[in-house]
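This is what each chain is made of:
Protein chains: 2
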Amino acid sequence: MPTNKQILLDNRPTGEAQASNFKLASGTTPPLKDGEVLVKHHFLSLDPYMRGRMNDAKSYTAPQPVGQVMQGGTVGEVVESRSPKFQPGDKVVGMGGWQEYSVVSADQPGSIRKVDTTHVPLSHYLGAVGMPGVTAWYGLVKIIEPQAGQTVVVSAASGAVGSALGALAKARGCRAVGIAGGPDKCRYVTEELGFDACVDYKQHKDAGSLSKALKEACPDGIDGYFENVGGMVMDAVMLRMNAHGRIALCGMIAGYDGQPIPMAYPQLLLTNRIKLQGFIVSEHMEVWPQALQELGQLVGSGKLRPRESVAQGLESAPEAFLGMLKGKNFGKQVVKVA
Amino acid sequence: MPTNKQILLDNRPTGEAQASNFKLASGTTPPLKDGEVLVKHHFLSLDPYMRGRMNDAKSYTAPQPVGQVMQGGTVGEVVESRSPKFQPGDKVVGMGGWQEYSVVSADQPGSIRKVDTTHVPLSHYLGAVGMPGVTAWYGLVKIIEPQAGQTVVVSAASGAVGSALGALAKARGCRAVGIAGGPDKCRYVTEELGFDACVDYKQHKDAGSLSKALKEACPDGIDGYFENVGGMVMDAVMLRMNAHGRIALCGMIAGYDGQPIPMAYPQLLLTNRIKLQGFIVSEHMEVWPQALQELGQLVGSGKLRPRESVAQGLESAPEAFLGMLKGKNFGKQVVKVA
Chain A
1 MPTNKQILLD NRPTGEAQAS NFKLASGTTP PLKDGEVLVK HHFLSLDPYM
51 RGRMNDAKSY TAPQPVGQVM QGGTVGEVVE SRSPKFQPGD KVVGMGGWQE
101 YSVVSADQPG SIRKVDTTHV PLSHYLGAVG MPGVTAWYGL VKIIEPQAGQ
151 TVVVSAASGA VGSALGALAK ARGCRAVGIA GGPDKCRYVT EELGFDACVD
201 YKQHKDAGSL SKALKEACPD GIDGYFENVG GMVMDAVMLR MNAHGRIALC
251 GMIAGYDGQP IPMAYPQLLL TNRIKLQGFI VSEHMEVWPQ ALQELGQLVG
301 SGKLRPRESV AQGLESAPEA FLGMLKGKNF GKQVVKVA
Chain B
1 MPTNKQILLD NRPTGEAQAS NFKLASGTTP PLKDGEVLVK HHFLSLDPYM
51 RGRMNDAKSY TAPQPVGQVM QGGTVGEVVE SRSPKFQPGD KVVGMGGWQE
101 YSVVSADQPG SIRKVDTTHV PLSHYLGAVG MPGVTAWYGL VKIIEPQAGQ
151 TVVVSAASGA VGSALGALAK ARGCRAVGIA GGPDKCRYVT EELGFDACVD
201 YKQHKDAGSL SKALKEACPD GIDGYFENVG GMVMDAVMLR MNAHGRIALC
251 GMIAGYDGQP IPMAYPQLLL TNRIKLQGFI VSEHMEVWPQ ALQELGQLVG
301 SGKLRPRESV AQGLESAPEA FLGMLKGKNF GKQVVKVA
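From first to last, the protein sequence lines stand for chains A and B. The opening residue of the first sequence carries number 1 in UniProt numbering; numbering runs sequentially from there. The opening residue of the second sequence carries number 1 in UniProt numbering; numbering runs sequentially from there.
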């Protein structure tokens with residue numbers, strides 16, 4: 001029964017999220033029952049969707065309960081098992097939350113699964129070969145459905161979802177164009193991730209200006225758009241969409257603090273006969289095996305080289321999370337717990 | 001060679017369209033060449049999409065050329081034929097434009113087709129059993145894809161598209177709810193067209209208020225929405241959409257004069273995982289035969305009783321058109337030419 005430090009949601013944000021919304025707690029893990037395993041977490045995943053769950057609002061997932069451990073993805077190692085399915089030493093990915101240990105019922109479908117770290121580093125199962133990667137895969141393959149030669153744009157291109165989107169689009173013969181904040185991220189997007197171009201949205205004050213830069217980066221217009229941020233960036237892309245374009249709507253981080261984020265030109269959806277589809281990847285579990293296989297191959301072969309921002313120690317999770325919401329991270333944000 | 005009065009687009013509107021944008025002209029029809037027929041128009045169709053074409057803007061169709069006859073659907077009678085496919089007396093539907101006669105190449109696919117007026121009055125081939133009816137059919141069947149018991153909402157419900165949408169939705173076992181302007185139109189929508197409920201948007205100053213009325217009319221939420229108007233009405237409906245709802249985006253009449261019509265809550269597309277699809281029915285000719293067959297049966301059997309506003313004489317077309325854009329018509333707007 002090791003001591004188990006935890007980060008709880010202490011209270012809900014009003015407006016911007018703050019460190020004071022979180023609280024550090026400490027306890028011990030309960031003894032295992034039959035069928036349970038004890039997992040020691042190595043890395044926690046920090047993801048933008050968690051901000052939405054901190055609000056007490058109708059959304060695609062139930063709100064994060066106040067006073068309880070922040071929920072989220074984890075990778076780690078089985079340290080004790082009362083299930084024949086897992087042995088101590090097994091590397092596993094699950095939803096252990098912001099804490100050092102979790103007790104998991106091994107028989108519950110989808111609770112944890114073993115992963116192979118021969119070719120893929122453990123932490124990448126929280127990113128490129130995990131939920132963010134599958135998110136990119138679903139939006140591209142099932143919604144955007146690009147043909148070779150078409151142009152696909154993704155916002156937050158240097159992040160966990162965006163980087164996977166670029167590699168998946170290139171593998172399909174598309175022109176991949178990213179939108180990211182700042183010259184370092186843009187350089188990474190083109191030089192390391194292999195995008196054909198990247199536009200720095202921080203160089204543009206409004207949608208019209210950003211749209212002109214997109215015109216240069218996308219001389220044949222935009223056929224598919226994977227949206228992570230919303231707001232001005234989305235308006236700018238919509239001004240460059242081709243007829244019969246497709247928009248996979250995955251996140252609107254610009255509106256997480258409750259500020260209005262109106263879409264300026266919805267009539268473009270009509271005049272360009274655009275299909276726009278909102279989705280959440282956890283509702284499409286049927287695609288995960290196929291998607292994870294492709295993503296694992298891309299990472300294993302070096303065609304997708306995801307970058308990580310690693311925060312050290314459980315206590316650093318709230319600050320790392322708040323920084324990520326402001327774009328301070330560079331690549332997939334994780335917390336190294338052990 | 002009869003004299004042929006015509007209405008031309010004389011100049012493009014700046015802001016709201018005006019009668020002075022049009023000009024009456026007169027000429028004679030040219031002698032027929034081999035394969036051509038001369039059609040005497042009985043009715044012209046006036047449709048909201050024509051307003052968009054008066055602008056010199058990128059849209060889904062090329063702009064209406066200045067100085068030329070206003071283009072649009074017509075029904076009439078063949079009065080002279082140099083084609084074996086048509087005989088004088090044949091009733092035909094085509095795209096003859098705002099004039100008394102048109103000369104048509106009978107061999108050009110889709111130029112004109114014969115129609116049967118035994119069970120369906122000729123003018124209805126411009127409305128319920130024509131382009132507006134097929135527009136409703138496509139949006140409902142191919143985009144909204146409703147299941148029996150689901151709730152489908154349509155704006156401009158008393159119009160040509162809306163009335164067909166209601167009958168098609170009821171035929172599929174749906175709850176059909178209309179949005180229309182004024183008590184007369186709302187009464188017609190429920191009492192004559194058989195919608196389950198109708199909300200009068202003119203009773204509401206903002207999306208929040210209209211949304212509350214929609215909550216009463218749609219106690220199980222909204223699964224499918226057919227959009228003709230955009231703006232505040234669309235915002236209100238989006239606030240009541242169920243998870244996995246579908247929006248068929250057919251028109252945004254609220255923005256035809258160039259005013260901004262931002263979508264207030266695009267994040268609802270994400271949180272409710274909504275599919276939104278813009279479309280134009282002329283790009284889906286493959287569905288016309290099937291759609292027209294069902295629509296003809298609905299009209300022939302009296303299950304769809306479309307209402308018409310009939311303006312008298314070619315010269316009345318501009319005023320009737322401008323009135324329709326302001327919702328002054330009641331049902332499908334046509335012009336009786338002969």
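A hint or two may mislead.
[Unchecked claim] Partial selection, computed: residues in chain A whose CB lies under 7 Å from chain B:
1) P30
2) L32
3) P65
4) K114
5) V115
6) Q267
7) Q277
8) V310
Honestly, the hints are just simulated from the structure, not real lab data. Every value quoted in this text rests on a predicted model; they were computed, and no experiment measured them. Yeah, the Cβ is synthetic: ideal placement off N, Cα and C, and Gly gets one too.
Now the hints, each set against the structure:
1. P30: With Cβ-Cβ at 35 Å, over 7 Å, it is violated.
2. L32: violated, 37 Å
3. P65: Status violated, d = 19 Å.
4. K114: violated, 30 Å
5. V115: Interface hint status for V115 (chain A): violated (28 Å vs cutoff 7 Å).
6. Q267: Since the shortest Cβ distance to chain B is 5 Å, the answer is holds.
7. Q277: Holds. Min distance 5 Å.
8. V310: With Cβ-Cβ at 29 Å, over 7 Å, it is violated.
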